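Asker: Can you build the whole structure from these sequences, using the hints too?
So you can see what is in the structure, the chains are spelled out below.
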Amino acid sequence: MFKNRLTVQIIRAFRQNLLPENYPDTIREMVAVLVWMLSTYAFYLVLKESFPRLTELFSANLVVIVSSYFIVDGLIYSLLYRNLHELSQQISSAKIDYIILLPTNFQTYTSFRRIQMSSSIQLPIALILVFFLFKPTFFESILWLGSLILGFVIAYFFWYFLSLIAFWLKVDDKVSIFFEELSLVGLFPLQPFLSLNVIWFFFPFLSLASFSAYGLIYHSLYPAILIQLALIFVLYFLCRFVESSGLRHYRS
Amino acid sequence: MIFAKIKNNLLDPAYYFSQILGLLSSSFLIILWLYLSKLKLVQLSNIQIILYFISIYSYFYLFTYSLIDRLAARLATGSQSFLLSPKSVYTTLFVKDYLPILVDNIPLIFLSLLLVIFTGVLPLNKLIYFIFLQFTVHLIYFFTSVIGAIFQLLLNWGFISFSFRFIGQTWNGSYIPLIFLSGGFLSFALFLPIFYSGIPFQLLLVQDLDYRLIINLFVFLFISFTMSYLLLARFKTHVQE
Chain A
1 MFKNRLTVQI IRAFRQNLLP ENYPDTIREM VAVLVWMLST YAFYLVLKES
51 FPRLTELFSA NLVVIVSSYF IVDGLIYSLL YRNLHELSQQ ISSAKIDYII
101 LLPTNFQTYT SFRRIQMSSS IQLPIALILV FFLFKPTFFE SILWLGSLIL
151 GFVIAYFFWY FLSLIAFWLK VDDKVSIFFE ELSLVGLFPL QPFLSLNVIW
201 FFFPFLSLAS FSAYGLIYHS LYPAILIQLA LIFVLYFLCR FVESSGLRHY
251 RS
Chain B
1 MIFAKIKNNL LDPAYYFSQI LGLLSSSFLI ILWLYLSKLK LVQLSNIQII
51 LYFISIYSYF YLFTYSLIDR LAARLATGSQ SFLLSPKSVY TTLFVKDYLP
101 ILVDNIPLIF LSLLLVIFTG VLPLNKLIYF IFLQFTVHLI YFFTSVIGAI
151 FQLLLNWGFI SFSFRFIGQT WNGSYIPLIF LSGGFLSFAL FLPIFYSGIP
201 FQLLLVQDLD YRLIINLFVF LFISFTMSYL LLARFKTHVQ E
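Here the protein sequences line up with chains A and B, keeping their order.
At position 240 of the first sequence the residue is numbered 240 (my numbering), and the sequence of numbers has no breaks.
At position 203 of the second sequence the residue is numbered 203 (my numbering), and the sequence of numbers has no breaks.
There could be a bad hint or two in this list.
Stated by the list, open to error - With a straight-line Cα cutoff of 16 Å, these simulated EDC-like cross-link-like pairs (lysine to aspartate or glutamate) come out:
no., chain 1, residue 1, chain 2, residue 2
1, B, 7, B, 104
2, A, 170, B, 208
3, B, 126, B, 208
4, B, 5, B, 104
5, A, 170, B, 69
6, A, 170, A, 86
FYI, nobody ran anything at the bench for these hints, they're computed from the structure.
Note that this is a predicted model, so its numbers are computed, not measured.
Answerer: The structure is reproduced here in structure tokens:
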């Protein structure tokens, strides 16, 4: 039922974005996203020119790293951004009374109400780049895409969990900005984090896209998927616990 | 008022929490550059790398994000009476919108400045030069945000602040210090309206700045002031029509 509702919402959002009155805005937003993608690829070209010895970052590997990030980021911004970006601020400023009174689940209502489609332009471009430049096998492609979807699920639970901190601390929108900033970790290869033994510190953020990219490049996607599933399991129960405690705290 | 706000901030635990979150946002870039240093690909000390990224990030991550939207909201909601008031629009925008953001960031800016001085990353004889460049950068930032806010309103384009934030962070030195840009990339970056903001921080990495960067800074100051002035006049006419 929930899946059907989400599909209807996505189709409706697509239609709304393509209405004559919204069409120019949609195009402008897509152009902004494309410019950002180009800017990011250009950043890697600068790194390549400045540090030619960093071979593992470049050529097809670069395409996999950046594209993996853009796919997860495209999903995050299309499906989550308009909902979760303001959640912590709404909680901090005590503006969720009407949501609590609604006969619907708090988590579902606050997480999947609004959708924006402009960032979804990242998905086809990133997919085309990987399929044409890295040329993964069919089976690897399926595993890689599955791993990226798991990465998106982790992003959702983790962002939701961070937003719920606002029940106890007045953090306004800072947690959302923090999440958005640190999710940029996915733009970088895994090697620096492995080499400096700091992988645990960045663990949730690296599991959004970096593990999937690393798994595809080094043909080891199974461990990446297992790690992601374990993390989803932990985050799911953590969110349930924090949400119920937070709502209790809010009501009192 | 400013001191009262600083005092309130310092007494609020949530303020420290948000500042720490802000600082943590630069951590993955520190990791990347420490890795490059470990591979001996850059001739920078670890302390230089850490303080450079903490300083540049703490200065701009909050600023870049919020000011354009804030100014756009001010210009949109209070447009008629606000623009017709005899008091300069610049003064109002500066006092009501820019100053509160600056005050929120003062403790972190002050702390990062103290750290770079005490660790010797910024030589004392460069301190005045550094502060002067920072002052210029903040002025440009204010004028550029006014331009961005007016464009956002006139073109109905909410993605202006998005572009400033993400593309800006990539090219203002937050990801890659500007001293590593060369050739076509430097020529390209010199034209970007956000590039200027990382220029003073290059003093934490090199003793002397490329003269082209300094010239660029003042060209940006001139362009941003003139353009914001003309656009504000145009915006006033637009609102009155």
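Asker: Run the distance test for residue 7(B) versus residue 104(B): straight-line Cα separation, threshold 16 Å.
Answerer: At roughly 10 Å apart (the allowed maximum being 16 Å), residue 104(B) and residue 7(B) satisfy the hint.
Asker: Starting from residue 170(A), check that the Cα of residue 69(B) is at most 16 Å away, please.
Answerer: violated (21 Å)
Asker: When you check the alpha-carbon spacing of residue 170(A) and residue 86(A), does it fall within 16 Å?
Answerer: holds (13 Å)
Asker: Between residue 5(B) and residue 104(B), does the CA-CA distance stay at or below 16 Å?
Answerer: holds (8 Å)
Asker: For a C-alpha distance cap of 16 Å, please report whether residue 126(B) and residue 208(B) respect it.
Answerer: holds (9 Å)
Asker: Between residue 170(A) and residue 208(B), is the straight-line Cα distance small enough, at 16 Å or below?
Answerer: violated (43 Å)
In this structure, the hints that do not hold are numbers 2, 5, in rising order.
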